[in-house]
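Peer 1: Sequence:
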Amino acid sequence: MNLRLMALNIREFCPFLSIPVIKQRINVRYKQIIGAEDWEFLRDSTTVKLIGVHTSTSSETVTVTEDSTAVLGVGTTFTTDCAAGDYFLVGTEDQPYVVSSVTDNLNLVLEQVYGGATTAGASFSYYRLIYSPTIANVGQITSIVYQGPLYEVSEGWINARGRTSTGSPSHYSVFSKTKGDGIVSFEIWPIPDADYVVTVFYRKYVVDLTTDTDEPVFRPELIEAGALWDCYRLSFATTQNPAFIGLARDAKMDYVGLLRDALIEDVHTSSVPTRVRDVSGDYMYDNNFLTKHDVGYL
1 MNLRLMALNI
11 REFCPFLSIP
21 VIKQRINVRY
31 KQIIGAEDWE
41 FLRDSTTVKL
51 IGVHTSTSSE
61 TVTVTEDSTA
71 VLGVGTTFTT
81 DCAAGDYFLV
91 GTEDQPYVVS
101 SVTDNLNLVL
111 EQVYGGATTA
121 GASFSYYRLI
131 YSPTIANVGQ
141 ITSIVYQGPL
151 YEVSEGWINA
161 RGRTSTGSPS
171 HYSVFSKTKG
181 DGIVSFEIWP
191 IPDADYVVTV
201 FYRKYVVDLT
211 TDTDEPVFRP
221 ELIEAGALWD
231 CYRLSFATTQ
241 NPAFIGLARD
251 AKMDYVGLLR
261 DALIEDVHTS
271 SVPTRVRDVS
281 GDYMYDNNFL
291 TKHDVGYL
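For the sequence shown, counting from 1, position 194 maps to 194 in the UniProt record's numbering; every step adds exactly one.
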């Protein structure tokens, strides 16, 4: 059932409300339901490739000019593994510059002018710390895994670490817990010393119902019942007809029952057991210790 049909159904019971007002209440209730629970059906995962640090070889050098953003390479292949947002280091300097754009294999542009002395034939390195899943429906990153879960830390913690440290990914920081456009970026520490693939677990971003043909991501009767409850109360406020109070109570009961059914259905689709056994232990050793399926005493 799409937005138009839900609005028309509610309009039959609340003729004093306009279609735009009803659609607004449908969207408000839609967002409330989505945000009220950690729905299992909104969980998903994707993979992200981490790019290892590129350190110049003996045949690769760059020329940088004081107070200029241009970097000229010799024997370089910038378009292969360098991109806007990467960090660029010249020689043995410890202050990285952010790449603004890559023109071709031999030319790139920095976001800020180079602050050192003009140098030709300098060694260099560049690396990437900030990544975003290529899909555009990420509402919230819940965890990142490489061989095991990475530790989530604050951005301040990562920025306090040595930027030259390299290795396999062990920590991450999310720039934004939630993002309205469905794109969330995260930062990895330490600098990847090689290419790695991590699995990003996330909660899906759900867009509003805007056009008449838009359909909700779960059972429309639940949204319709919640919106009808709201619209009955609005109808009473508009008409002062006490009959709408009784109708609102009935609609609330319908909504609560449908919400309960939706929660039960969602739990049944989850990978978490609905029953926990006694493990006869004094301590819970890890997050998975008490959530084993159908085990006896350990």
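These are calculated hints, taken from the structure and not from any lab test. Glycine is no exception: its CB is placed at the ideal position from the N, C-alpha and C atoms. Hints are supplied without guarantee of correctness; some may be wrong.
Beta-carbon label-pair distances, calculated as ranges [to be verified]:
id	residue 1	residue 2	range
1	Q112	L5	48 to 58 Å
2	N107	V217	15 to 25 Å
3	T92	W157	23 to 33 Å
4	Y151	N241	55 to 65 Å
5	R11	G35	20 to 30 Å
6	P20	S154	41 to 51 Å
7	I264	T55	54 to 64 Å
8	P20	D81	47 to 57 Å
Peer 1: Please go over all the hints and tell whether each is borne out by the structure.
Peer 2: Here is what the structure says about each hint:
{"no.": "1", "hint": "Q112 x L5: 48 to 58 Å", "in the structure": "54 Å, holds"}
{"no.": "2", "hint": "N107 x V217: 15 to 25 Å", "in the structure": "45 Å, violated"}
{"no.": "3", "hint": "T92 x W157: 23 to 33 Å", "in the structure": "26 Å, holds"}
{"no.": "4", "hint": "Y151 x N241: 55 to 65 Å", "in the structure": "58 Å, holds"}
{"no.": "5", "hint": "R11 x G35: 20 to 30 Å", "in the structure": "26 Å, holds"}
{"no.": "6", "hint": "P20 x S154: 41 to 51 Å", "in the structure": "43 Å, holds"}
{"no.": "7", "hint": "I264 x T55: 54 to 64 Å", "in the structure": "55 Å, holds"}
{"no.": "8", "hint": "P20 x D81: 47 to 57 Å", "in the structure": "51 Å, holds"}
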